[in-house]
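*Asks:* Sequence:
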Amino acid sequence: MAFSFIPKDEGFFDILEEASENVVKGAKAFRELVSHWSLNSELIPQIREIEHEGDRMTHEVIDRLNRTFITPIDREDIHGLAKELDDVIDIIQATMDRMQLYRIETSSPVLLQMVEVLLRSTEVVDKAIKSLRDMKHTRRTLDFCIEVNRLENEADAIFKTALGELFSEKRDVLDIIRWKEVYEAAEFANDKCEDIANIIEGIIVKNA
Numbered sequence: 002m003a004f005s006f007i008p009k010d011e012g013f014f015d016i017l018e019e020a021s022e023n024v025v026k027g028a029k030a031f032r033e034l035v036s037h038w039s040l041n042s043e044l045i046p047q048i049r050e051i052e053h054e055g056d057r058m059t060h061e062v063i064d065r066l067n068r069t070f071i072t073p074i075d076r077e078d079i080h081g082l083a084k085e086l087d088d089v090i091d092i093i094q095a096t097m098d099r100m101q102l103y104r105i106e107t108s109s110p111v112l113l114q115m116v117e118v119l120l121r122s123t124e125v126v127d128k129a130i131k132s133l134r135d136m137k138h139t140r141r142t143l144d145f146c147i148e149v150n151r152l153e154n155e156a157d158a159i160f161k162t163a164l165g166e167l168f169s170e171k172r173d174v175l176d177i178i179r180w181k182e183v184y185e186a187a188e189f190a191n192d193k194c195e196d197i198a199n200i201i202e203g204i205i206v207k208n209a
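Per the numbering used here, residue 2 is the first one in the sequence shown, and the count goes up by one each step.
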């Protein structure tokens, strides 16, 4: 195994873990918002602030990459993880913004199901990110990735059911369009969690 006299900057793990915790925080707030939906909820500005924090962390990762010679894992993987984590919280805010923009008055049980799966996915992603410090126990990390993939399939099944119900009911066309976009956004957030899991699996393969 190659030895370097230049120490690797382990601080990247700290930032990525902080970013993953921020995503979980955003998913929890969004779950609470969807559970008690109101166009004037105090959770709306809170989620926007969480999104701003996510942006700050992403910029910090990029700035650190530009100033660091040796990283604990490949640079493109660090950048990819930071970007995808930021995308999750961006999509959460975008979903919330659509609901507010479309003046949706009441939430949907199906949307709540999707968001609950999303929350579970972010929690497992957080565990996977935190397990990257220990490359001696990669089986555990891979198990987290498998669980994220399973949850994405669960979210996809709920999404398909939601669309089927949406188009089978007699409802206003504009209402169908509004809810279709909201459901699609929520599903996209789950897809992003799977993208993170895929990056982590790639990291494990490279370091095997």
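By construction, these hints were calculated from the structure, which means they are not laboratory data.
Every residue, glycine too, gets a C-beta built ideally from N, C-alpha and C.
Be aware that one or more of the hints could be misleading.
Unchecked claim - Keeping only pairs whose Cα atoms sit at most 25 angstroms apart, straight-line, the calculated BS3-like set for lysine-lysine is: (1) 161 x 131; (2) 128 x 207; (3) 84 x 171; (4) 128 x 26.
Claimed, not checked - Computed beta-carbon distance windows for the label pairs: (5) 14 x 165: 38 to 44 angstroms; (6) 207 x 131: 43 to 49 angstroms; (7) 151 x 40: 30 to 36 angstroms; (8) 15 x 199: 18 to 24 angstroms.
*Asks:* All hints, please: hold or fail.
*Replies:* Comparing the hints with the structure gives:
1. Taken as a hint, the residue 161 and residue 131 pair is broken in the structure, with Cα atoms around 32 angstroms apart against an allowance of 25 angstroms.
2. Only pairs whose Cα atoms come within 25 angstroms are accepted, and residue 128 paired with residue 207 is accepted, the gap being roughly 20 angstroms.
3. A threshold of 25 angstroms between alpha carbons decides the hint, and for residue 84 with residue 171 the separation of about 40 angstroms lies outside it, so the pair is violated.
4. For the hint linking residue 128 to residue 26, the alpha-carbon distance of about 14 angstroms falls within 25 angstroms, and the restraint holds.
5. Here the CB-CB span from residue 14 to residue 165 is close to 43 angstroms, well matched to the stated 38 to 44 angstroms.
6. For the hinted restraint 43 to 49 angstroms between residue 207 and residue 131, the CB-CB distance of approximately 19 angstroms leaves it violated.
7. For the pair residue 151 and residue 40, the beta carbons lie near 34 angstroms from each other, so the given range of 30 to 36 angstroms is met.
8. As the Cβ distance of residue 15 to residue 199 is approximately 23 angstroms, the hint placing it in 18 to 24 angstroms holds.
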